Amino acid sequence: MSDATQNIEGVLAEFKSPSDLYHAAEKVRDAGYKNFDCHSPFPIHGMDGAMGLKRSPLGWIVGLAALVGTSSALGLQWWASTIEYPIIISGKPFFSFQAYLPITFALGVLLSAFAALIGMLVLNGLPRFFHPVFYSDMFAKVTDDGFFVSVEAADPKFDSNQTRAFLESIGGTNVEVLQKS
Amino acid sequence: MKIDSQTYRLTDPGKGGTIALVAGIAGLILSGVGYVTNAEQFFHSWLVAFVFWTTIALGGLCFTMIHHLTGANWSVVIRRLPENLMVILPFMIVFVIPVLFGMHDLFHWTHAEAVENDALLQSKQGYLNVPFFMIRLAGYFVVWFVLSRLLFGLTRRQDNGDGTHDGIIKKMRVVSAPGMFLFAITLTFASFDWLMSLDPHWYSTIFGVYIFSGGFLAMLCFVTLAILALHKNGVLVKEITKEHYHDLAKLIFAFTVFWGYMAFSQYFLIWYGNIPEETVWFLHRWDGTWKTVSLILVFGHFVIPFFLLFPRAPKRSANWLRGLAIWLLLMHWADLYWIVMPTLHKHGVHLSWIDPVTMIGIGGVFVWFFWNRTAAVPLIPTNDPGLASSMKFVNS
Chain A
1 MSDATQNIEG VLAEFKSPSD LYHAAEKVRD AGYKNFDCHS PFPIHGMDGA
51 MGLKRSPLGW IVGLAALVGT SSALGLQWWA STIEYPIIIS GKPFFSFQAY
101 LPITFALGVL LSAFAALIGM LVLNGLPRFF HPVFYSDMFA KVTDDGFFVS
151 VEAADPKFDS NQTRAFLESI GGTNVEVLQK S
Chain B
1 MKIDSQTYRL TDPGKGGTIA LVAGIAGLIL SGVGYVTNAE QFFHSWLVAF
51 VFWTTIALGG LCFTMIHHLT GANWSVVIRR LPENLMVILP FMIVFVIPVL
101 FGMHDLFHWT HAEAVENDAL LQSKQGYLNV PFFMIRLAGY FVVWFVLSRL
151 LFGLTRRQDN GDGTHDGIIK KMRVVSAPGM FLFAITLTFA SFDWLMSLDP
201 HWYSTIFGVY IFSGGFLAML CFVTLAILAL HKNGVLVKEI TKEHYHDLAK
251 LIFAFTVFWG YMAFSQYFLI WYGNIPEETV WFLHRWDGTW KTVSLILVFG
301 HFVIPFFLLF PRAPKRSANW LRGLAIWLLL MHWADLYWIV MPTLHKHGVH
351 LSWIDPVTMI GIGGVFVWFF WNRTAAVPLI PTNDPGLASS MKFVNS
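Sequences listed follow chains A and B, in order.
The opening position of the first sequence corresponds to residue 1 in this note's numbering, with each subsequent residue numbered one higher.
The opening position of the second sequence corresponds to residue 1 in this note's numbering, with each subsequent residue numbered one higher.
One or more hints might be untrue.
Unchecked claim - Restricting the straight-line Cα-Cα distance to at most 20 Å, the calculated cross-link-like pairs of lysine to aspartate or glutamate (EDC-like) are:
| hint | chain 1 | residue 1 | chain 2 | residue 2 |
| --- | --- | --- | --- | --- |
| 1 | B | LYS392 | A | GLU168 |
| 2 | B | LYS242 | A | ASP48 |
| 3 | A | LYS92 | B | ASP12 |
| 4 | A | LYS16 | A | ASP159 |
| 5 | A | LYS54 | B | GLU243 |
| 6 | A | LYS92 | B | ASP193 |
| 7 | A | LYS157 | A | GLU168 |
| 8 | A | LYS34 | A | GLU168 |
| 9 | B | LYS124 | B | GLU243 |
Said to hold, decoys possible - The following residues of chain A were derived to be distant from chain B, with all beta-carbon distances above 12 Å:
| hint | residue |
| --- | --- |
| 10 | GLY91 |
| 11 | PHE105 |
| 12 | ARG128 |
| 13 | ASP137 |
| 14 | ASP145 |
| 15 | GLY171 |
Hints were generated in silico from the structure; no laboratory data involved.
Quick caveat: nothing in here was measured; it's all calculated off a predicted structure.
Glycine included, each C-beta is placed from N, C-alpha and C at the ideal position.
Whole structure, please, built from the sequences with the hints as guidance.
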């Protein structure tokens with residue numbers, strides 16, 4: 001029977017220590033899995049590299065948002081005060097860019113801040129209310145002293161038996177198939 | 001250049017210090033010639049050079065105190081360099097002496113007959129008078145002397161393993177917290193006295209922060225250059241990594257923005273208010289070739305470095321960073337030149353040979369002193385409890 005008909009959504013394996021988890025991540029990465037994740041009670045330095053994660057594109061998203069923010073703020077003020085409703089204020093030219101800079105700066109910062117927050121959430125797949133690892137009771141240890149690797153069924157290489165055997169072969173203990181009951 | 005891998009002391013400091021000293025003495029002698037040939041020009045050039053190097057030393061003091069107050073770990077390996085800059089600070093009093101002799105040439109408010117015919121200067125006389133100027137100047141140096149001696153004494157006690165880790169760190173914080181306050185007050189009033197009072201009618205309350213932003217930036221550039229110079233000689237390559245100068249580069253980026261923010265804030269309010277006694281200062285700096293310098297500052301001190309330091313790659317490239325650090329030091333000098341010189345050359349830039357000579361004179365001695373201190377103590381705080389994590393630090 002195929003994994004899908006059995007409602008299998010992933011495989012979870014426990015590792016003893018942060019360094020075991022780190023090396024396991026390298027092996028899972030090298031085995032060609034893409035849809036996998038590592039879970040630990042605290043951040044582990046260098047895990048991004050061990051998991052083969054690329055640099056986040058968030059910086060570019062925020063940069064683009066800043067560009068949109070500054071140019072639209074400057075554009076709007078220029079349009080409003082020189083074309084749509086030109087009015088002389090304290091004897092200064094219609095296009096007094098000095099006066100426009102605070103708003104240009106502020107809108108740039110505002111849009112970048114929104115882009116940074118929302119972009120971070122979207123890239124992380126958040127908000128998210130459920131994950132197959134929650135089928136496991138053992139997984140509760142992750143908030144205390146558990147170090148886990150989970151491989152999701154969505155991975156093209158995923159096969160519950162093979163993946164399970166693979167995780168055991170790289171030192172995973174308590175390997176569990178995550179199955180919808 | 002060689003370093004002992006156990007004590008982190010330089011066993012062979014190399015020739016850099018001697019070269020700097022020779023250049024410095026030659027510069028000072030030529031500055032003397034400058035004084036004889038054109039005293040007025042000499043005093044103004046000297047003031048620019050004196051403030052340039054003093055602000056770098058002040059930046060070192062500020063960096064050290066911020067480090068203690070925040071308890072940062074990444075900066076432990078580079079902390080000794082700003083600390084060595086901070087030690088120079090009280091000795092800068094030697095270089096302030098020519099400024100005192102040149103007060104009549106530099107400061108319009110010292111002219112009794114000018115004050116007599118000027119209601120505004122009369123009302124400022126309570127603050128702008130020679131004895132009080134001297135008292136304040138002595139006060140600044142007393143504060144800087146006490147702070148730098150206390151903090152350096154504590155860091156050396158930590159090196160030697162006197163007292164407990166927590167005890168020393170607590171004392172560093174106890175000094176730094178009021179120290180930060182005193183630093184802000186002294187730097188603000190020193191910049192009012194030495195730079196703002198060149199045009200005694202003009203005032204700007206943000207001026208102290210403006211000078212601080214440029215000075216702190218120059219200190220970061222100086223420290224970055226010192227680290228890159230050490231690396232070129234194979235010293236501290238393992239301890240101070242790309243990750244550390246990446247962080248310094250982030251601070252350099254932040255402070256180019258901060259400088260731009262302060263410079264614009266100062267300009268913006270004066271432009272908006274449009275009151276003649278305030279706008280006159282900028283009007284002078286828009287006169288003739290001074291306009292070019294103003295624009296060079298806007299683009300060279302802010303816009304171009306902002307975009308060059310924006311991406312990640314240049315911050316992690318030693319060559320890019322070296323170039324940018326040298327450029328920004330040059331810009332800090334241009335900034336001070338632009339503040340001081342229009343009082344002497346009102347209608348346009350008039351570069352003199354005395355400008356570089358005074359810079360090299362004070363700078364040579366400054367760099368020699370810095371290098372001498374660096375060779376006399378361990379290059380990193382070997383006993384700091386944060387050292388191990390500082391060495392391992394990486395930017396994610």
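Subject >> Beyond 12 Å from every chain B Cβ - status for A:ARG128 >> reply: holds, 22 Å
**OP:** Verify the proposed pairing of A:LYS16 with A:ASP159, using a straight-line Cα cut of 20 Å.
**Re:** Violated - the C-alpha atoms of A:ASP159 and A:LYS16 are around 24 Å apart, more than 20 Å.
Original post:
Would the pair A:LYS92 and B:ASP12 pass a check requiring their Cα atoms to be no farther apart than 20 Å?
Top reply: Status violated; Cα separation ~63 Å.
Original post:
Is it true that the CA of B:LYS242 sits at most 20 Å from the CA of A:ASP48?
Top reply: Holds, at roughly 18 Å.
Original post:
Do the alpha carbons of B:LYS392 and A:GLU168 lie within 20 Å of each other, as the hint requires?
Top reply: violated, 32 Å
Subject >> A:GLY91 non-interfacial with respect to chain B [C-beta, more than 12 Å] >> reply: violated, 8 Å
Subject >> Non-interface claim for A:ASP145 versus chain B (Cβ beyond 12 Å) >> reply: About 22 Å separates A:ASP145 from the closest Cβ of chain B, which puts it past 12 Å; holds.
Original post:
Hey, does A:GLY171 actually stay past 12 Å from chain B on C-beta?
Top reply: Holds: least Cβ distance 25 Å, greater than 12 Å.
**OP:** Please work out if A:LYS54 and B:GLU243 have their alpha carbons no farther apart than 20 Å.
**Re:** Holds, at roughly 18 Å.
Subject >> A:ASP137 remote from chain B - nearest C-beta pair above 12 Å >> reply: Nearest chain B Cβ is 32 Å from A:ASP137, so the label holds.
Subject >> Nearest-CB test (12 Å) between chain B and A:PHE105 >> reply: violated, 9 Å
Subject >> Proposed proximity, A:GLU168 with A:LYS157 (alpha carbon, max 20 Å) >> reply: holds, 16 Å
Of the hints listed earlier, those the structure fails to meet are numbers 1, 3, 4, 6, 9, 10, 11, in rising order.
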